[in-house]
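Q: These protein sequences, in sequence, are chains A and B.
Taking this note's numbering, the leading residue of the first sequence gets 1, the next gets one more, and so forth.
Taking this note's numbering, the leading residue of the second sequence gets 1, the next gets one more, and so forth.
In case anyone wonders, no lab produced these hints; they're calculated from the structure.
What you are looking at is a predicted structure, and each value in this text was computed from that prediction instead of being measured.
Glycine included, each C-beta is placed from N, C-alpha and C at the ideal position.
Check the hints yourself; a few may be wrong.
[Claimed, not checked] Computed Cβ-Cβ distance ranges for the label pairs, DEER-style:
1. A:D22 / B:Q69: 29 to 39 Å
2. A:G93 / B:R123: 29 to 39 Å
3. B:R123 / A:E16: 11 to 21 Å
4. A:S105 / B:Q69: 51 to 61 Å
5. A:K56 / B:Q88: 32 to 42 Å
6. B:I121 / A:M108: 43 to 53 Å
7. B:E26 / A:S90: 25 to 35 Å
8. B:Q88 / A:S105: 29 to 39 Å
9. A:G53 / B:R123: 44 to 54 Å
10. A:G51 / B:G24: 43 to 53 Å
11. B:Q88 / A:A19: 25 to 35 Å
[Unchecked claim] Over 12 Å on every C-beta distance to chain A, these chain B residues come out as not near it, computed from the model:
12. P56
13. I91
14. F106
15. N227
16. E233
The residues making up each chain are set out below.
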Amino acid sequence: MQPKDPTPEPIVNEAELLARVDNDAGLLRELIAIFKVEFPRHLSELREAIGQGNLKSVRKSCHTMRGMLLSLGATRATAAAAQLEQSGDSSDGAELKSALARFESEVMNLLPALEACVAKAGP
Amino acid sequence: MRILIADDDVLSLRLLERTLERGGYEVTAVQNGRLAAEHLCRHDGPRLALLDWVMPELDGPAVCRQVRQKRQQVYVHMVLLTSKESKQDVIEGLESGADDYLIKPFDSAELKARLRTGLRILRLEDRLVESREDMRFKATHDPLTGLFNRGIIMDLLSRELSRTHRENGCTTILLGDVDHFKDVNDTVGHIAGDEVLREVARRMVASVRSYDYVGRYGGEEFLVVLNNCDASEQILRAEQIRRAIASVPVQTIQGPIPVTMSLGVLSSRDWGLRPVEELLQEADVALYKAKAAGRNCVKLASPHVPPNVLHQSLEEQPK
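Kindly generate the complete structure, drawing on both the sequences and the hints.
A: In C-alpha cells, the structure reads:
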C-alpha cells in the first residue's frame, strides 16, 4: 500500500514569494497586474500552437510561462508547465492535450492564491 | 553601478529590475537579445549584465558571443539567468562567453552576492588598465616635462615624414634650444632649472595645434613636428613659439627668470626624401646658426642636396 502524501504542495509557496518581493505588497500587486495581462496572452498562444501542431511555439510559450510561474512561486503550476514543455518535444497530440488540461487546471486557482498572498505582505 | 537586464518575460524582468534597484543598481531593462547586445556593445554601455537565455531575435549565449567579439576595449561581466538547468546548458552558456550562470528563480541574496563578485572583477580590471596606461605613459613621455620622450618624438617624426612624402605634403621640423640654460642651472640651481624646462614645455605645447607633436629631444633641446605646415607659414610658427617663450619671464622658486630659445627650422619639402637623422642634423645646423646669430632667433635650414638625391626626389614627385 502506498503511503498517503500528508501535505499536498501549496498552489503558491508564499514564504518564497514574499521573500522574493522583499515583503513589498506594492510590488506583488504590480506583478499580479502584469500576470493578469501577460499570462492569458501566452496561454492563448499556447492553445493555438497546440491546435496547429507547432511544437516550436508550444515549447516557447511553455518556457515563457514557466519563467513567470517560477518568479511567482507557483510551484505546482510550474511543474505542470515543465511537463507540458517536455511534451512539446513529442509530436503526440493526445499527450499534449492531456498535459495542457493538467496545466490549465493547475493555473485555475492561481490568481486567488496570489491575491491572498498580497494581504500577508507588508504595507 | 549600471546594469543591463534582458528577459522577454515582462513579469520576471520587472521583479529583477526592482530587486536590483533596491540593491543600488542603475538598471536598464530590455526585452530582447538584440537590444541587449546593442546596449552592451556601446563604448559607454553598462559593464554588468544579467541575461535570460531564451529571448527573441538573439538568445543569451548569442548576446555573450557578440559582446565578446565587439567590445574588446573594456570587459563586460555577463551572467546568464535562466531556467535551463542541465549541465550541458551550463557548459554551453559559459562557453559562449558568460562569466556566471544562475538558475531561475533567483534567490535575491545569492544574486546580489554573485553580482558583487562581478563588480570585484571589473574593479580589478579597471586597476589593471589604469596601471597599463600609466606604464605606457611613462614609457613614452619625459617625466619632467610630460612631453613625448626622444624615442617617441623620433618615431612620430619618422611616421609623419613618410606620410608627407606619400601624400606630397610638407612637414616642418623645429629644433629649439633654451639659450644659456647651463647658466640658469649654475646660478639658481637645478630645481629652478627644472621649473624653467617645465614652463618652456608648457608654452611650446600651448603655441602649437592639437595635432602637432612636441617632444623633449635632449637636456634643454626640444623637437616640434608641425604636420601639414605650409612652407610659407613655417617661420611664422617658429616665431610664435620663440615669442611665447621670451615674452614673460618664467616664475620659479628663485624668482622670475628671463628665458629665450633659439630655433632651427627645416621644411621637408625643401629636402626631399632623406633619413630622419640626416634631416635632424640639418635642423641642428640651422639651430647652430641661430645661436651664432646672437640667440633668441629663428634660422631656416637651407638644402645642400647631393645631385643623386635631388634626382631621386624629383622622380618620386607625382606627375
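Q: Does each hint hold? Answer for all of them.
A: Right, here's what the structure says about each hint:
Between D22 of chain A and Q69 of chain B the beta carbon distance is about 37 Å. The supplied range of 29 to 39 Å therefore holds. G93 of chain A and R123 of chain B have their C-beta atoms about 55 Å apart, which leaves the hinted 29 to 39 Å range violated. Between R123 of chain B and E16 of chain A the C-beta distance comes to about 33 Å, which lies outside the given range of 11 to 21 Å. The given range of 51 to 61 Å is broken by S105 of chain A and Q69 of chain B, whose C-beta atoms sit roughly 47 Å from each other.
About 20 Å separates the C-beta atoms of K56 of chain A and Q88 of chain B, a value inconsistent with the hinted range of 32 to 42 Å. Distance hint for I121 of chain B and M108 of chain A: a CB-CB separation of about 46 Å, consistent with the stated range 43 to 53 Å. At about 45 Å, the beta-carbon gap between E26 of chain B and S90 of chain A misses the expected band of 25 to 35 Å. Hint check: Q88 of chain B to S105 of chain A, Cβ distance near 32 Å, so the stated range 29 to 39 Å holds.
At about 52 Å, the CB distance of G53 of chain A to R123 of chain B agrees with the hint of 44 to 54 Å. Distance hint check: the CB atoms of G51 of chain A and G24 of chain B are about 47 Å apart, consistent with the given range 43 to 53 Å. Restraint check, Q88 of chain B to A19 of chain A: a C-beta distance of roughly 30 Å satisfies the suggested window 25 to 35 Å. Here P56 of chain B does not stay apart from chain A, with its beta-carbon only about 9 Å from theirs, under the 12 Å limit.
Once the 12 Å rule is applied to beta carbons, I91 of chain B is consistent with being away from chain A; the minimum gap is 20 Å. Once the 12 Å rule is applied to beta carbons, F106 of chain B is inconsistent with being away from chain A; the minimum gap is 8 Å. No Cβ of chain A comes within 12 Å of the Cβ of N227 of chain B; the nearest lies about 58 Å off, and the non-interface call holds. Residue placement check: E233 of chain B keeps its beta carbon more than 12 Å from all beta carbons of chain A (closest about 67 Å).
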